[in-house]
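**Q** Under the UniProt record's numbering, the sequence shown is numbered contiguously, ending at residue 412.
Please keep in mind that the hints were generated in silico from the structure rather than gathered at the bench. Heads up, some of the hints might be wrong.
Said to hold, decoys possible - Below are the EDC-like pairs computed for lysine to aspartate or glutamate, each with C-alpha atoms no more than 20 Å apart in a straight line:
id	residue 1	residue 2
1	Lys38	Glu104
2	Lys127	Glu275
3	Lys38	Asp52
4	Lys281	Asp88
5	Lys281	Asp248
6	Lys306	Glu102
7	Lys127	Asp271
8	Lys131	Glu258
9	Lys199	Glu102
10	Lys127	Glu145
11	Lys150	Glu258
12	Lys78	Asp88
13	Lys306	Glu290
14	Lys281	Asp271
15	Lys78	Glu102
Given the structure is predicted, the values throughout are model-derived calculations rather than measurements.
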Amino acid sequence: MPEAPGNPPAAQAPQAASQSRARQNLQFGSGRFQLRAKLGSGSFGDIYRGFDAFQQREVAIKLEPSRTRHPQLGYESKVYRLLHSDPDPVIGIPQLFWFGIEGEYNAMAIELCGPCLEDLFNYCLRKFSLKTVLMIADQMLHRIEYIHAKGLIHRDIKPENFVFGLADRGHHLNIIDFGLSKRFFDNRTRTHIPFRENKPLTGTARYCSTNTHRGYEQSRRDDMESIGFLLIYFMVGQLPWQGIQAPDAASKTVRIGEKKIATPLEDLCKDCPPEFLSYMKHCRSLRFSEGPDYALLRGLFSNLMKQNDYEYDWVFDWVTKREDEVKTIPPRAAEGGAPSENRAQPGSQHGMSSSGATSREAAADQEGGRKDDTPRQQTPRSPGRAASNTGGGGGEAAETASPQQSAPKKDM
1 MPEAPGNPPA AQAPQAASQS RARQNLQFGS GRFQLRAKLG SGSFGDIYRG
51 FDAFQQREVA IKLEPSRTRH PQLGYESKVY RLLHSDPDPV IGIPQLFWFG
101 IEGEYNAMAI ELCGPCLEDL FNYCLRKFSL KTVLMIADQM LHRIEYIHAK
151 GLIHRDIKPE NFVFGLADRG HHLNIIDFGL SKRFFDNRTR THIPFRENKP
201 LTGTARYCST NTHRGYEQSR RDDMESIGFL LIYFMVGQLP WQGIQAPDAA
251 SKTVRIGEKK IATPLEDLCK DCPPEFLSYM KHCRSLRFSE GPDYALLRGL
301 FSNLMKQNDY EYDWVFDWVT KREDEVKTIP PRAAEGGAPS ENRAQPGSQH
351 GMSSSGATSR EAAADQEGGR KDDTPRQQTP RSPGRAASNT GGGGGEAAET
401 ASPQQSAPKK DM
């Protein structure tokens, strides 16, 4: 994945702003979807807040030029359809409402979600409590198991690609951005894809697996290892290979890989409970085509929850922080301090609850992440993030974007 485009030069800024305003008047789907405020820019296009006139609801609309060399949205829309192909409702995968090619753009309308984990991590001063990390881990492992069960690997696991829902699903962790996902299971031959070497790095250098750095074809084990890196990142605040300097993005990716491969798991996990080391050892022990033991890995973290007398109440660190802030804000300031509508504001009511789910409701979400559990939460007044990667986050450019352009995707 190439780096997200930077800000335009000063001379081009007025033109870019004018183009953005002009786009906000665009309509798609025979007038059903109208663009509103721009939410951000990703590697393959722009993301806007939109409005669905038929259903009278806000949505996220992702655009890419229809003449782009490697179009992604058509493929990504097929992935969303595949993931929602079961008759039962699926929790943790944003809904696809529409995809089409109109005029100069490929457009995809999807469910609007709340803040991503990177935004929430920054809001919490780049440190999560053990309880919050364990509750995140449980949902992440349910989501990735479901995706793998559909024959897909994600290949770009990172904090920006996990976002929370809105309103009564404000405690649901959603996984997004399937533009780099790939089938690991061939439906025609009913076999696992073959092992290959000398593959370009696909994903995000900071979080991708050691085998991805070695140029090996990715499989389920690589998604799992990346999740492990995320959990350690949230526990400790950074990973050992952050902050590496290099003259260019390609050299930096190589140096990140060298440092990552050279770091013993014991050193990587030294500031975490031993269950994190057990998780990483399981991931590293997997053969290329071997399926992870998802139940075993979830059990590591659920047992740690029990040992610490934690409850799956979905009272995350940012919920507590927001409650504490509200208590210290004078009533008039609290009433008038509405956050910006163009971007998720962690700690505001953008996809965040002022109270957690009950234990019974939390348990329902643990059981496969498929039940439509609806905890008692305040309805957000101003949802603020698309269910799509906007290229944001707290990392350096070479660490948060793949140095290689992925090949065009085949039909699902």
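**Q** Hint by hint, say whether it matches the structure.
**A** Hint-by-hint comparison with the structure:
With a C-alpha separation of about 17 Å, the suggested pair Lys38 and Glu104 falls inside the 20 Å cut-off, and the hint holds. Our distance criterion of 20 Å between C-alpha atoms is met by Lys127 and Glu275, whose separation comes to about 19 Å. Proximity of Lys38 to Asp52 is assessed by CA-CA distance (about 16 Å); at most 20 Å being required, the pair is judged to hold. For a cut-off of 20 Å, the pair hint linking Lys281 to Asp88 is broken: about 34 Å separates their Cα positions.
For a cut-off of 20 Å, the pair hint linking Lys281 to Asp248 is broken: about 32 Å separates their Cα positions. A hinted pair counts as satisfied when its Cα atoms are at most 20 Å apart, and Lys306 with Glu102 does not qualify at roughly 53 Å. At most 20 Å may separate the alpha-carbon atoms for a hinted pair to count; Lys127 and Asp271 meet this at roughly 13 Å. Restraint check: the Cα-Cα separation between Lys131 and Glu258 comes to about 32 Å, which exceeds 20 Å; the hinted pair is violated.
Among the hinted pairs, Lys199 with Glu102 is inconsistent with the structure: their alpha-carbon atoms are about 35 Å apart, more than 20 Å. Between Lys127 and Glu145 the CA atoms are separated by roughly 26 Å; this puts the pair beyond 20 Å, and the hint is violated. Pair hint Lys150 plus Glu258 does not hold up; C-alpha atoms about 33 Å apart against a cutoff of 20 Å. For the proposed pair Lys78 and Asp88, the alpha carbon gap of about 18 Å is at most 20 Å, so the pair holds.
Pair hint Lys306 plus Glu290 does not hold up; C-alpha atoms about 29 Å apart against a cutoff of 20 Å. For the suggested pair Lys281 and Asp271, the alpha carbons sit about 16 Å apart, so the restraint of at most 20 Å is met. The straight-line distance between the Cα atoms of Lys78 and Glu102 is roughly 18 Å, inside the 20 Å bound, and the hint therefore holds.
Violated hints, in rising order: 4, 5, 6, 8, 9, 10, 11, 13; the structure is consistent with all others.
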